[in-house]
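Respectively, the protein sequence lines represent chains W and P.
The opening residue of the first sequence carries number 584 in this note's numbering; numbering runs sequentially from there.
The opening residue of the second sequence carries number 21 in this note's numbering; numbering runs sequentially from there.
Source of the hints: derived by calculation from the structure; they are not laboratory data.
None of the values given here were measured: they were computed from a predicted structure.
Note that the Cβ used here is the ideal one computed from N, Cα and C, for glycine as well.
Check before you lean on any hint, since a few could be wrong.
Claimed, not checked - Under the rule of at most 30 Å between Cα atoms (straight-line distance), these lysine-lysine pairs were calculated in the DSBU-like manner: (1) K350(P) - K772(W); (2) K1141(W) - K251(P); (3) K1035(W) - K1055(W); (4) K772(W) - K262(P); (5) K626(W) - K1141(W); (6) K1058(W) - K1084(W); (7) K1084(W) - K1031(W); (8) K775(W) - K350(P); (9) K1055(W) - K1080(W); (10) K689(W) - K273(P); (11) K689(W) - K251(P); (12) K251(P) - K273(P); (13) K344(P) - K1080(W); (14) K689(W) - K636(W); (15) K772(W) - K704(W); (16) K815(W) - K273(P); (17) K262(P) - K1164(W); (18) K1087(W) - K273(P); (19) K344(P) - K689(W).
As the list claims (entries may be wrong) - Under 7 Å between C-beta atoms, here's a sample of chain W residues computed to sit facing chain P: (20) Y639; (21) V649; (22) F650; (23) D682; (24) D684; (25) L685; (26) F707; (27) E943; (28) Y978.
Said to hold, decoys possible - Quick list of simulated restraints, FRET-style, between CB atoms: (29) N629(W) - D264(P): 28 to 34 Å; (30) K1080(W) - D264(P): 41 to 47 Å; (31) H337(P) - R1126(W): 30 to 36 Å; (32) D770(W) - H337(P): 42 to 48 Å; (33) R853(W) - I259(P): 25 to 31 Å; (34) H337(P) - E802(W): 58 to 64 Å; (35) S630(W) - M338(P): 41 to 47 Å; (36) D255(P) - T754(W): 37 to 43 Å; (37) R209(P) - D798(W): 22 to 28 Å; (38) A267(P) - S860(W): 48 to 54 Å; (39) F276(P) - Q854(W): 53 to 59 Å.
Letter by letter, the chains look like this.
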Amino acid sequence: MNLKRKNPNPDPSSPDSDESTQLSSPFPDEVLERVLSLLNSRKDRNSVSLVCKDWYDAERWSRTHVFIGNCYSVSPEILTRRFPNIRSVTLKGKPRFSDFDLVPPKWGACVHSWLLVFATKYHFLEALRLKRMTVSDESLKFLALSFPNFKALSLLSCDGFSTDGLASITTHCKNLTELDIQENDIDDKSGKWLSCFPENFMSLEVLNFANLNSDVNFEALERLVSWCKSLKVLKVNENITLEQLQRLLVLAPHLREVGTGSLLQELTPRQHSELKSAFSNCKNLNILSGFTEVTSIFLPVLYPACTNLTFLNLSYAVLQSDELSNLLIHCPLLQRLWVLDSVEDEGLEAVGSNCPLLEELRVFPASDPHEDEIVHGVTEIGFLAVSYGCKKLHYVLYFCRRMTNAAVTTIVQNCPDFTHFRLCIMNPRQPDYQTGEPMDEAFGAVVKTCTKLRRLAVSGLLTDLTFEYIGKYAKNLETLSVAFAGSSDWGMECVLKGCPKLRKLEIRDCPFGNAALLSSFRKYESMRSLWMSGCKVTMNGCRLLAQEMPRLNVEVIKECGNDDCQADKLYVYRSVAGPRKDAPPFVLTL
Amino acid sequence: MEKKEFDPIKNEGGNGVSEEKKLELRLGPPGEAQTVHYVGFNNKINGAKRVWQETVVAKKEERKWLSKNAQNQYQDLSFTEKTVERVFPTSWSSASLHSSAFHMDTDQKQNLQPKPTYIQYPSISRRLSAMAEESQQTCGCRVAEMQNSDKRACSSRCASASVSTATAEPINSQKRIAFAPVVGWPPIRSFRKNFGSRNFSKPAPESQNETPKEESDGEKLINLEHHMFVKINMDGVPIGRKVDLKAYDSYEKLSFAIDELFGDLLAAQRDYSAAKKENKVGDAKAITDSLHGSREYTLIYEDNEGDRMLVGDVPWHMFVSTVKRLRVLKSSEISTLQLTTSQDEKTPL
């Protein structure tokens, strides 16, 4: 049921009188709305809304999905006033560095105030996707009870709730199609939530509880899977054994995406072959993940299932290079691969040899570099090997122990189409290990060669030169992450002056101070946010910025409070909602 | 890696860099400032002691050496006790290099005696991450104050208060390069940490095509995020138990827990056999009694390389990372083990 506009110009005495409006619009509003409703890209919609008032109105009435990258940039009241027909909301809360413990707990980004407004204004809300928000059990219960059409809930990297909240959702949401609970700081009390689905529940299409640790009732899960014929995505947790997984696969061979449980179970030969045949019967299988406690004996079970794999997520699997190599031989169509660096350079060489269609590679560290006894991992050799073999590579996230300028230069020459280049040399400020020089030329090569670059994360020993390069060449750059880099304010100034499309800038532990912060303060209004922690900005500098730019929220997170002049953690973002009303005591709005 | 990783003293990419390096906290034994391999005590900064260890040394001998030297170093490091306590809970390892740096007060000096067998190492990093958040500012400014060479305590924001610079290889060890703990670095979510159920040192199992004909020898650890259950069997008790090693942080606690585990079972057995055979009561009772305290039982374990080892030799942290299963043996049996090795080989521990 769409809320219909009753009258395009509710105020007849307004300057935009009926006649002039109708003369200026070439076709009826309904047609315009119908056409615009086909637009999905929010960038396109944003552009459309700027054309003229009619188009702005048509666009706002026809928009059904809204994405809010920073929950404090707008208020729920303003949102609901502009877009009356929203069915699906994506909300992102805390700054990204909160994933790495840089933001204290109870910082904010609570979803509850949004839900309260949505309950009245978006009664027919169907989907809610939250990232880095604080969600309480009370909120989940409120959500479950307030929206009769609610279908899809996705929680990524959120906190503040427990499995009791999930139980509210599974109990009350009769039309639930998607429940995706991933990497949250959740109080995992029990697996009872799964048993709360009603008896004849049939609508589930996506179920991801891979990151929950409590046992679920397997009979309940089995019943769920057998009843939900449209189930496409099933990612189970570690407590589901191989035998149980096999039974689930037999019930749902149409699955597109499977996340395994623990692979530690010792199988009899009969079980082994049953599992293998269950996997090979999954003809639609495109995505595999899970693989916790993987064993070599298990992997061959997967080989027949790998023919159509496009995304293989082995980032929780401690694999050796030969194991990966043997697996990849069977994955010719692979486009995305996530692995741990336990596969080492040899494993990555196998990637280069076997995956010509690869577009995205993420290599995570298997061991904690602070604690580990023996250091393994990947180096520039592995990355090079991948770049030679995978010409379509455009997204990389690479945690490595060492790197050289020459290697990176070659890599981007092999793969000039990078859109996302995130290189993390794990030891802060480490230079080119062969020449001892800073890694400036590496990132210089990246920005010069990869003209489509949208996201960049830099690491290693870097001087201001890196940032000169970035400012000069990275014309499409939208997100930049910097840590332990730069020599002076000049570096940051170059970036602020140079990158026209910059939206998110996050900096930690760099020698950038007030001069850099204030060099292009108008820039911040064209950006979503700026984060600076462990830098040299002072409270006075931040206050100055706040004074100059009243439409920015300039927030400083104060912790120990021992040094009042330093701005320990600075978070600056544009907002039409004004300063936060729910800021905790340690967040100072200047 | 032969080439030096990084020399913060010599490598001055710009004024900002060198200045910053001087202000950074580093920890290390004295007299190493000249060697580029070890970023340790920097003589150039008057009185500025580095408080953060940069590298972790592999071998026991080196650790002992470092610890010994560490004792003598930080006499005049003016660090507040309060900060010390916040960063390092005093209940924690006293022999570690980290804590020794902070133990300024004389009452705490006695803690500087290194324990004979081992030194605990950056296992503190986890706790540290939690605490470092809080103390980062304290550390930063305090150390900044200490820097004689630079009085700009405020503006020189030891941003990397808890951060070291690049790696430097420890003197004798080439393989082991660990970095000083930094909050939120490397930037991965906590879900992606805590692996370790498979050991790197062990080569991959022989054949991937082999169908699982028999039980694999020794159960692998189930390393769920907060648990680490290993099997434990006891002589004379047919039913084994499982114990969660992550629930304990010392051998004493583990030993006590094991006592409790098998105490019950043995009591049950005693009751059962008492019901069956009157004359056996005495023996069973003796077993139960001896478990708690006397030396009739010995705790051994099987490690990741398949060897049987006596529990207690290595640091708890290291034990936990290599143990695969436990066994409680009658002490009298140990001497006879060698004779029965050939038969024991095939029986699982």
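Hints versus structure:
Annotation: proposed proximity of K350(P) to K772(W) is violated, straight-line Cα distance about 40 Å (limit 30 Å). Distance check on the hinted pair: K1141(W) and K251(P) sit about 47 Å apart at the alpha-carbon level, beyond 30 Å; violated. Note on K1035(W) and K1055(W): the hinted pairing holds, with a Cα-Cα distance of about 14 Å set against a maximum of 30 Å. Only pairs whose Cα atoms come within 30 Å are accepted, and K772(W) paired with K262(P) is accepted, the gap being roughly 22 Å.
Annotation: proposed proximity of K626(W) to K1141(W) is violated, straight-line Cα distance about 36 Å (limit 30 Å). Between the alpha carbons of K1058(W) and K1084(W) the distance comes to roughly 7 Å, so the proposed pair stays at or under 30 Å and holds. In summary, the hint linking K1084(W) to K1031(W) is supported, as the alpha carbons are separated by about 16 Å, within the 30 Å threshold. Among the hinted pairs, K775(W) with K350(P) is inconsistent with the structure: their alpha-carbon atoms are about 43 Å apart, more than 30 Å.
Under the criterion of a C-alpha separation no larger than 30 Å, the hint pairing K1055(W) with K1080(W) is consistent with the structure, at around 9 Å. As the CA atoms of K689(W) and K273(P) are separated by approximately 35 Å, the hinted pair breaks the 30 Å bound. At roughly 40 Å between alpha-carbon atoms, K689(W) and K251(P) are farther apart than 30 Å, so this suggested pair is violated. Taken as a hint, the K251(P) and K273(P) pair is honoured in the structure, with Cα atoms around 17 Å apart against an allowance of 30 Å.
The straight-line distance between the Cα atoms of K344(P) and K1080(W) is roughly 57 Å, outside the 30 Å bound, and the hint therefore fails. At roughly 41 Å between alpha-carbon atoms, K689(W) and K636(W) are farther apart than 30 Å, so this suggested pair is violated. Between K772(W) and K704(W), the direct Cα distance comes to roughly 33 Å. Violation of the 30 Å bound is thereby established for this hinted pair. A C-alpha spacing of about 47 Å is found between K815(W) and K273(P), which places the hinted pair above 30 Å, so the restraint is violated.
A threshold of 30 Å between alpha carbons decides the hint, and for K262(P) with K1164(W) the separation of about 51 Å lies outside it, so the pair is violated. Straight-line distance between C-alpha atoms of K1087(W) and K273(P) comes to about 49 Å, which puts the hinted pair past the 30 Å bound. This hinted pair does not check out: K344(P) and K689(W) have alpha carbons roughly 40 Å apart, beyond 30 Å. Taken as an interface hint, Y639(W) does not check out: its beta carbon lies about 39 Å from the nearest beta carbon of chain P, beyond 7 Å.
The interface hint given for V649(W) is violated, since its Cβ lies 26 Å from the closest Cβ of chain P, which is over the 7 Å cut-off. Taking 7 Å as the C-beta contact cut-off toward chain P, the hint placing F650(W) at the interface is violated, the least distance being around 22 Å. A hinted interface residue such as D682(W) counts as satisfied when its beta carbon comes closer than 7 Å to some beta carbon of chain P; here the least separation is about 5 Å, so the hint holds. A distance limit of 7 Å between C-beta atoms decides the matter here; for D684(W) the minimum to chain P is near 5 Å, and the interface restraint holds.
Taken as an interface hint, L685(W) checks out: its beta carbon lies about 5 Å from the nearest beta carbon of chain P, inside 7 Å. The restraint placing F707(W) at the interface with chain P is violated, with a minimum CB-CB distance near 34 Å, outside the 7 Å limit. At its closest, the beta carbon of E943(W) sits 17 Å from a beta carbon of chain P; the interface hint therefore is violated under the 7 Å criterion. A cut of 7 Å between beta carbons decides the hint on Y978(W): the least distance to chain P is about 17 Å, and the hint is violated.
As the Cβ distance of N629(W) to D264(P) is approximately 53 Å, the hint placing it in 28 to 34 Å is violated. Remark: the range hint 41 to 47 Å for K1080(W) to D264(P) is contradicted by a beta-carbon distance near 56 Å. The beta-carbon spacing between H337(P) and R1126(W), approximately 47 Å, falls outside the hinted interval of 30 to 36 Å. Between D770(W) and H337(P) the CB atoms are about 28 Å apart, so this pair departs from the stated range of 42 to 48 Å.
Here the CB-CB span from R853(W) to I259(P) is close to 27 Å, well matched to the stated 25 to 31 Å. About 40 Å separates the C-beta atoms of H337(P) and E802(W), a value inconsistent with the hinted range of 58 to 64 Å. Evaluation of the 41 to 47 Å hint for S630(W) and M338(P) yields a failure: the beta carbon distance comes to about 60 Å. D255(P) and T754(W) have their C-beta atoms about 50 Å apart, which leaves the hinted 37 to 43 Å range violated.
Between R209(P) and D798(W) the CB atoms are about 24 Å apart, so this pair conforms to the stated range of 22 to 28 Å. About 40 Å separates the C-beta atoms of A267(P) and S860(W), a value inconsistent with the hinted range of 48 to 54 Å. For the pair F276(P) and Q854(W), the supplied restraint of 53 to 59 Å is violated, since their beta-carbon distance comes to about 39 Å.
Hints 1, 2, 5, 8, 10, 11, 13, 14, 15, 16, 17, 18, 19, 20, 21, 22, 26, 27, 28, 29, 30, 31, 32, 34, 35, 36, 38 and 39 from the earlier list are contradicted by this structure; the remaining hints agree with it.
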